[in-house]
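Colleague: In the order they appear, the protein sequences are chains G and Z. First residue of the first sequence: 1, per this note's numbering; consecutive thereafter. First residue of the second sequence: 1, per this note's numbering; consecutive thereafter.
Calculated from the structure, these hints are not laboratory results. Treat the hints with caution; some may be incorrect.
Below, computed lysine-lysine pairings styled on DSS-like, alpha-carbon distance capped at 25 Å [unchecked claim]:
#1 G:K14 x G:K153
#2 Z:K80 x G:K14
#3 G:K137 x Z:K126
#4 G:K54 x Z:K140
#5 Z:K140 x G:K14
#6 G:K139 x Z:K140
Owing to the predicted nature of the structure, the values given are computational and were not obtained by experimental measurement.
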Amino acid sequence: MASGSAAPAGGGGKQRNYLNCIRATLTAAMCLENFGSQQVERHNKPEVEVKGNKELLLNPIIIARNKEKVLIEGSINSLRVSVSIKKSDEIEVVLAKRFMRFLTQRAENFVILRRKPIEGYDISFLVTNTHTEKMYKHKLVDFIIQFMEDIDKEISDIRLSVNARARVVAQEYLREYQ
Amino acid sequence: MADDDDGPVELEVQEVGGKTDAVYQSEVQQRQSEVTKLLNAGKALDALPIALNDPPTHTKNQEIKDQNSVIVISVLTAIKEAQVDQVVANLNDEQLDVLMKYIYKGLSNGETSTPLFKWHESVLKKAGLGSIVRVMTDRKTV
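Chain G on its own, in the form it takes in the complex:
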């Protein structure tokens, strides 16, 4: 993924603060260790999904900025990050939904992606201790932050191209009736 998007001054600075806050919180929450299920022997389940025992769960944290927000739920062996994308108009609502569906259908290739987002959010990640054992923690955090940056850019690009295409199509079609 290309790193370092060209952010405009002012607006980019605020987004930088938002992402830095999320980065710090993720780094703190991603301290995971292996913990077998306390209910069923020989089973190992991500506790943040099962939510069986209160003592294994951390307090959920929401970091919100205008319309976009991030929900970070932690536990002893897993972490769930849910992102709600900023959608400024109707067409972005549709685009975001389609784009997220495209990605979640290919969740296996993403490894840490969750197939269904949590209610109220557009997309969710589930990171377990097996992931942190195989992959670098700071790289996982980098991936999630980069993902959030790129999503915003991609959706506005798609919206621009949709509008441009629609304009061209309308011009060509109505040329007949001139």
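Model the placement of chain Z on the given structure of chain G, informed by the hints.
Modeller: Here is chain Z on its own, set in the frame of chain G:
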């Protein structure tokens, strides 16, 4: 079975953490009046230790907690960005932890996010990642 004849059990008054909800409520109101006095006088820096002192973490009543967080957030937004670092340097560890809890509480509703991000950054620099971990693990939420 032992004879428990301690008398009638009072079920109306809920004592949590040694103080009843009514006591918490009056404390919050007292705090609110002190803090608004200082804010109107322009002394936001003095208002902060009062606002952070003794948060109602033990009560089960969400309204009292929300009221208190409104007070704290109003102090945080009143303090100018340039003074944030200096204020944070004067706080002790306990106050920093409470402050971090309130920062996250304020961030969860997303309206006052810009000043809160500045506060988050400078508390993080002073107290380190541990302060975030303590917010997430502490059962006594603010």
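Colleague: Which numbered hints does this structure break?
Modeller: Of the numbered hints given earlier, those the structure breaks are 5 and 6, listed in rising order.
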